[in-house]
Amino acid sequence: MEEIVDSFFNADIAASAMPIVIDGLLNTILLSLMVVPLGFLSGLGLAVMAQSKSRAVRWPLMAWVDFFRAFPPLVLLVLLFAGLPFAGLELGGFTCVAVAFMLNNSAYYGEILRAGIDSVPRGQIEAARSTGLSGAQAMIYVVLPQAIRNVMPDLLSNTLEVVKLTSLGSVVAVPELLYQARQAQSASFSPTPIVMAAVIYFLILWPLVRLLSRLENRALAGRG
Amino acid sequence: MTGWDKFLDAFFNAKVMAKYLPDIVAGTLLTIELAILIVFSGILAGLLLALVRSLSIRPLNLLIIFVVDVLRSLPPLVIIVLLYFGLPSAGWSPSGFMSTWLSLSLVLMAFSEEIFWAGITSIHKGQWEAARSTGLGFGPTLINVILPQALRLTIAPLTNRTIAITKGTALGTVVALHEILGMASSAVSNSYNPSPLILGSAAYLILFIPVVIAARWIETKYSWKR
Numbered sequence: 001m002e003e004i005v006d007s008f009f010n011a012d013i014a015a016s017a018m019p020i021v022i023d024g025l026l027n028t029i030l031l032s033l034m035v036v037p038l039g040f041l042s043g044l045g046l047a048v049m050a051q052s053k054s055r056a057v058r059w060p061l062m063a064w065v066d067f068f069r070a071f072p073p074l075v076l077l078v079l080l081f082a083g084l085p086f087a088g089l090e091l092g093g094f095t096c097v098a099v100a101f102m103l104n105n106s107a108y109y110g111e112i113l114r115a116g117i118d119s120v121p122r123g124q125i126e127a128a129r130s131t132g133l134s135g136a137q138a139m140i141y142v143v144l145p146q147a148i149r150n151v152m153p154d155l156l157s158n159t160l161e162v163v164k165l166t167s168l169g170s171v172v173a174v175p176e177l178l179y180q181a182r183q184a185q186s187a188s189f190s191p192t193p194i195v196m197a198a199v200i201y202f203l204i205l206w207p208l209v210r211l212l213s214r215l216e217n218r219a220l221a222g223r224g
Numbered sequence: 001m002t003g004w005d006k007f008l009d010a011f012f013n014a015k016v017m018a019k020y021l022p023d024i025v026a027g028t029l030l031t032i033e034l035a036i037l038i039v040f041s042g043i044l045a046g047l048l049l050a051l052v053r054s055l056s057i058r059p060l061n062l063l064i065i066f067v068v069d070v071l072r073s074l075p076p077l078v079i080i081v082l083l084y085f086g087l088p089s090a091g092w093s094p095s096g097f098m099s100t101w102l103s104l105s106l107v108l109m110a111f112s113e114e115i116f117w118a119g120i121t122s123i124h125k126g127q128w129e130a131a132r133s134t135g136l137g138f139g140p141t142l143i144n145v146i147l148p149q150a151l152r153l154t155i156a157p158l159t160n161r162t163i164a165i166t167k168g169t170a171l172g173t174v175v176a177l178h179e180i181l182g183m184a185s186s187a188v189s190n191s192y193n194p195s196p197l198i199l200g201s202a203a204y205l206i207l208f209i210p211v212v213i214a215a216r217w218i219e220t221k222y223s224w225k226r
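Protein sequence lines correspond, in order, to chains P and D.
Under our numbering, the first sequence has 92 at position 92, and the numbering climbs by one with no breaks.
Under our numbering, the second sequence has 120 at position 120, and the numbering climbs by one with no breaks.
Since the hints were made in silico from the structure, they are not lab data.
Do not rely on the hints blindly, as some may be mistaken.
[Unchecked claim] Just some of the chain P residues that point at chain D, by a computed CB distance under 7 Å:
| hint | residue |
| --- | --- |
| 1 | Gln51 |
| 2 | Ala82 |
| 3 | Ile194 |
Source: prediction; values computed, not measured.
Where a beta carbon is used, it is the ideal one built from N, C-alpha and C, also for glycine.
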């Protein structure tokens, strides 16, 4: 037992790894603040376009969404990071994560927001238009606020997944939380820094997980 | 060579692709094996946990909720790395396959427990009371009356979650697992040509596009009526 504590929860190693790990945490936060809005906005763009009546618009969008639902984000990331240099385009790890996640998340956020927009009754748009609002105004002021509220649990759940996914950055040497913890681990030959990273992820994301759990249960309570 | 030829030669090099095709196929088979194992063990464990939770034993339920919360808040890659690089310090060195299988099964267990539990609690209390009043015991009521209705509700969200988690088999590369991405990456460094990555990407699409299309169909068929 003492041995386990000594290797997994070693106070000395934790103290010396702390600055490195905290540095990683800051980068994880920075990365999340970048990829969440990027993914959300591109998803919103796709969802609004998906309202088009033309099949020539909707079908490619559906193919886009299905493509990224089928494609593992890590493969996309490695493809950009290790593949693009062969085409003469060398993006840094940080940019690769941003681009890969924007593509991947546009599909996920897009699908959620599309369902949200679909859940707003058509009469709302007609009513808004008849008061003199333009199509864009009706979408922005009438449809979207209701749409986003209707799919809030799904949006939050996806955001949780996106923040967790930033850990993939470690594969392309972005110094985020997991990467920094791995560095500290190989320097100290102790798993303590990885345990620290796990504890930090848990402490930061637990409130969101709790909130989601309650929202999901409430959403289901009315059904059945 | 023109730019376009150069591009084709780099990314769609037939010679390189032919050379590494057997590797990618081997990686694909490993991915399929791993994915099937994860889906099976993860969903089964999740269902068992949800059933245990329905017994309403308070300390046990708090423990289940805590474990599920932990597994939902940790990135799967962190769990894989923790098992693979951490457990040897505790005297057990799981292989890359073992670490990936165990981690993703645990994550799928946590998510599916939540989904199954939400399904079970969504069934109206009257159903329980009616079944029990006909003389059915707790077990038969749960299994014959509640679960069949609850499972129907869980199919759509469960399918989506399962796809997202089985795609995570690619994370196995980080712990030296020779699944599709691992095979493709080492082929790229050996051949100094990115074509194997394109081949690997195609393998993922061939595997998962049918599943995603099936999921779309399932979603419309079993969607929750709003």
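Quick rundown of the hints versus the structure:
1. With its C-beta approaching chain D no nearer than about 18 Å, Gln51 (chain P) sits outside the 7 Å limit, and its interface hint is violated.
2. Of the supplied interface hints, the one on Ala82 (chain P) holds, with its beta-carbon coming within about 6 Å of a beta-carbon of chain D, less than 7 Å.
3. Annotation: interface hint on Ile194 (chain P) holds; nearest CB of chain D at approximately 5 Å, less than 7 Å.
Against the hints set out earlier in the document, a violation occurs for number 1 only.
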